[in-house]
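Enquirer: Chain by chain, the residues run as shown.
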Amino acid sequence: MITMKRVRKTYPNGVQALNGMNIHIDKGEFVYVVGPSGAGKTTFIKLMIRELKPSEGLIQINGNNLGDLSDKQIPYLRRKIGVVFQDFKLFTKLSVYENIAFALEVIEEEPEQIKTKVMDVLDIVGLKSKARFNTSELSGGEKQRIAIARAIVNQPAILIADEPTGNLDPETAWSIMGTLEEINNRGTTIVMATHNSHIVNTLKKRVIAIENGKVVRDELGGSYGYQA
Amino acid sequence: MITMKRVRKTYPNGVQALNGMNIHIDKGEFVYVVGPSGAGKTTFIKLMIRELKPSEGLIQINGNNLGDLSDKQIPYLRRKIGVVFQDFKLFTKLSVYENIAFALEVIEEEPEQIKTKVMDVLDIVGLKSKARFNTSELSGGEKQRIAIARAIVNQPAILIADEPTGNLDPETAWSIMGTLEEINNRGTTIVMATHNSHIVNTLKKRVIAIENGKVVRDELGGSYGYQA
Amino acid sequence: MAIKRKTLTRHGREGFKNIRRNGWMSFASMSAVAIMLFVVGAFAFLIVNTNHLIDTIENDVEIRAFFEHDVDASEQESVLEEVESHDSVENVVYRDRDEGLDVFMESMGSDGEVFENLREENPLNDALIIQATDPQMTAAVAEEVNAQSAIESVEYGESILGQLFTVTNYVRILGGALVIGLIFTSVFLISNTIKLTILSRKDEIQIMKLVGATNSFVRFPFFIEGALIGLIGAIIPIAGLTVGYSYLYSFMYDQVPFFTFVEPNPMIWQISGLLLLVSILVGIFGSQMSVRKFLKV
Amino acid sequence: MAIKRKTLTRHGREGFKNIRRNGWMSFASMSAVAIMLFVVGAFAFLIVNTNHLIDTIENDVEIRAFFEHDVDASEQESVLEEVESHDSVENVVYRDRDEGLDVFMESMGSDGEVFENLREENPLNDALIIQATDPQMTAAVAEEVNAQSAIESVEYGESILGQLFTVTNYVRILGGALVIGLIFTSVFLISNTIKLTILSRKDEIQIMKLVGATNSFVRFPFFIEGALIGLIGAIIPIAGLTVGYSYLYSFMYDQVPFFTFVEPNPMIWQISGLLLLVSILVGIFGSQMSVRKFLKV
Ligand SMILES: Nc1ncnc2c1ncn2[C@@H]1O[C@H](COP(=O)(O)OP(=O)(O)OP(=O)(O)O)[C@@H](O)[C@H]1O
Ligand SMILES: Nc1ncnc2c1ncn2[C@@H]1O[C@H](COP(=O)(O)OP(=O)(O)OP(=O)(O)O)[C@@H](O)[C@H]1O
Ligand SMILES: [Mg+2]
Ligand SMILES: [Mg+2]
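Protein chains in written order, with UniProt numbering: chain A, 1 to 228; chain B, 1 to 228; chain C, 1 to 297; chain D, 1 to 297.
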């Protein structure tokens, strides 16, 4: 499903964010990506959705070699991947409802279907009552949950979540983890970058630890930590 | 140092974020504020620095009744309070150095002093090497640490931190907590809104739990949780 | 790849909504459109009328060709016919010395009467009054006519005519250059303003792309929005110019009989239509160019 | 509360830096300034010269007062003196019938010679050529002169004069109104553009306030920035207008002897200075007004 071979990424300012990443994730897996601040987790995610191009190396998603995709094909790749961004990336001028509906309008979903699906997913993240609010009127944790809702609303083949519980209280975080497990059980591949050791250590999954832009540990059912 | 009496805050859209808050925090205290997503923690913080005005009730900071302060006096209030914002609020077009230096320029610090102080505080948060970077070139956790650095650089009498470890790995988070303790030992009052139960339960301090805009628990050396 | 109808509806709706959502910004763009259109429009009217004035002046240019005193009527007739058949001659009128004096006396106003006693021994010659098809051909025609042996002399204000055409040609070129310059300037200024409003929506556009929107999906609402800004921005200046010009026209008509402006109808509608078209195109162009820069995500 | 010197230095430095930091935005503002200044400046030159043309035309207006045939020289002299002493009379010249004929023949160009044989029994009268201090007083003066018994009649183109003044006054008022309108429009458009660039820095301003900056601390760099935008934006149009006008002036001077433009010196410097001043003030005004809205945090 997701393969990276000898991937390097050097930012224009010279920072080597990824330094020879080799990763293979199969369809249906649930993977935690852990690592210290600045290790390269977000960079790794940005490469998968082609927000960035690698400086070197090979990336395959869903059987497609990203290097071979034309600019025109990128949107169709992205529609198969739901992403919870670390900084949420919500449309600040739109309502909660419109934010989530956008992901469905893009794939030209039927208008009636949009309504049902948005309200369903808002129910899952516990914010049905705030559908008409503007996103600027939400608390930090509420924004994060809207970002999660948007990422899962069109049932993508792959769900990538960058620190999706950083602004959530433990109870809400666990409820979200329950949702992710459920989605995973229905066949969605999940990649979740996280600093939450409690979650990693409790809900045991495959753990990929990154440090200085390299995989330093890759362990099924591992616990939080990145010293190899 | 910080007193709130029967404080209510209703947002223009009708949401009652605070619902009769009563709080008293003494000089030199270290207080965790916990509560579920949307409980009102950030609203509580915004009231203290007069980013918002209360709909009702009395707020005293440092002996000043905020209701009595004129608009002209607000900046001087804010200079005594260092704030780590939940959404960082960094100047996106400025470098890391300039972001932190700004807090010192505002209080008309001597130019040579600015340089020393900024580099010292960058050292504390472990980002001395990134002083010249633009803040848009930082990882999530790095941004958060810059926000912390800016809040503490002019040694404010009160430090307010809104979820300051949400994007940090446990190791970095603990190092930051060490810094906060140190600052607290030197006499600074610290109010920290957090969802990190591990920190709250390990580094025991006074815990104020908020739910639905009210204090539901206030316990010295308490543990994480907000069921009264 | 055809766009589905529901998606088209969605784009249209978003375009309209965005005008409202970005309220102040939309207003800023529309006022830039309105102001520049006003300036361009007013200038267009000015140019059209200046041209009209120049035409009027130039068309007043006539050649007076005076016959020798001893040329008889039949010879005069044959010269008239020959001149008439000339390619560059628009119009020829015969004016004998008597008529010549009448015209002269009339041109002197009340002073003229004193010349009535000249009629007996009229010092004037019989003449042909000639107009060239193109006023700028006047000198050439005059020379050819003068070459005829029956003609004693020709008069066409040669001293002033060269200057007149220098000035009128200059004014025409300058006016044309100014109009073109002004139009480019306006296009630049309007799209500049639109660019500024779209720059502030850079993040929005990039998020759309990251969530899987195609370029055309992002662009379409901006297309509608740009067209609407052009359209709405054009209404006030067009209305203002139309009313203003009609008023000015009738004022001039009443007060200044010796020069009338170009009739409002249909000129006013042509200019308005052109302004409207340009305005909408610039709105679309400005928004599309600006969006384009942010699509590379 | 005096600002410390180091803080002032800091504000100045920030003002300069912000121009660079907001590169494209600063450029957009400056080009708006440049374009509008160009339009206003060109228009100012147009108005100044139109006024000049009008003055030239109006000053050509003269009254010809003709004496009765039987009035003798001494009486003519006393009338001349009386008219000369009139408050509203600028200048009086005596012209006897002989000179009158010369002037008339000259005005007829080469046609004129045929009237030479009139000199013996000259039908013209001796006359006074009078100019009023204010051309618009012409009619009143003419009437008073006509009341004199020694004067047979007066001539001053009364049929056309009323119209001339209607038109010139109208052009003056219209020109003035247009200049004022154009200036307001430019001020609006420029500050509009500046507002747009500052709108995108709303967050920045609010963060400054939240970190403890006073309003004046936030404002000062914007003040410098606004002034710089006005200053830099003014350079190109002022240079362009200065060169362009000088060129146009000498072109007109060489080609069109019957009307010269207003001399470039010092008019050009006055207008340039005024434009520069207005430009800087608008830059400051625009940025300060816009910042103001976002200070309420
Ligand atoms: N746009 C950018 N330009 C330049 N350098 C960047 C950029 N984004 C990130 N970096 C640098 O690349 C490195 C990896 O960043 P990345 O965001 O991938 O880290 P991360 O693992 O997500 O960290 P965190 O846990 O703090 O979010 C860091 O050193 C960071 O400073
Ligand atoms: N600007 C706003 N306008 C309207 N309602 C708001 C606004 N900001 C917050 N709210 C609402 O007020 C309530 C309290 O929000 P607040 O941000 O204080 O919560 P919080 O405790 O900080 O939550 P979190 O842990 O998710 O950050 C929430 O219901 C939220 O939706
Ligand atoms: Mg990250
Ligand atoms: Mg909060």
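None of these hints come from the bench; they were simulated from the model. Fair warning: there could be bad hints in the mix.
Listed next, with one range per pair, are the computed distances between beta-carbon atoms [what the hints assert, rightly or not]:
(1) A:27 <-> B:13: 51 to 57 Å
(2) B:123 <-> A:68: 41 to 47 Å
(3) D:78 <-> C:134: 46 to 52 Å
For the chain A half of the interface with chain B, some residues (derived, Cβ under 7 Å), not all of them [what the hints assert, rightly or not]:
(4) 16
(5) 86
(6) 111
(7) 137
(8) 178
(9) 222
A virtual CB, placed ideally from N, CA and C, is assigned to each residue, including glycine.
Enquirer: Work down the list of hints and note, for each, if the structure agrees.
Expert: Hints, verified against the model:
1. Judged by the Cβ atoms, the range 51 to 57 Å given for residue 27 of chain A and residue 13 of chain B is violated: they are separated by roughly 43 Å.
2. Under the hint 41 to 47 Å, the C-beta atoms of residue 123 of chain B and residue 68 of chain A, about 46 Å apart, fit the expected range.
3. The given range of 46 to 52 Å is broken by residue 78 of chain D and residue 134 of chain C, whose C-beta atoms sit roughly 57 Å from each other.
4. At a threshold of 7 Å, the smallest CB-CB gap from residue 16 of chain A to chain B is about 13 Å, leaving the interface hint violated.
5. Interface hint status for residue 86 of chain A: upheld, as the beta-carbon distance to the closest one in chain B is roughly 4 Å, under 7 Å.
6. Given the 7 Å rule on beta carbons, the hint for residue 111 of chain A is violated: about 26 Å separates it from the nearest Cβ of chain B.
7. Checking residue 137 of chain A against chain B by beta carbon gives a least distance of about 6 Å; that is within 7 Å, so the hint holds.
8. The closest approach between the C-beta of residue 178 of chain A and any C-beta of chain B is roughly 15 Å, which is over the 7 Å cut-off, so the hint fails.
9. A distance limit of 7 Å between C-beta atoms decides the matter here; for residue 222 of chain A the minimum to chain B is near 15 Å, and the interface restraint is violated.
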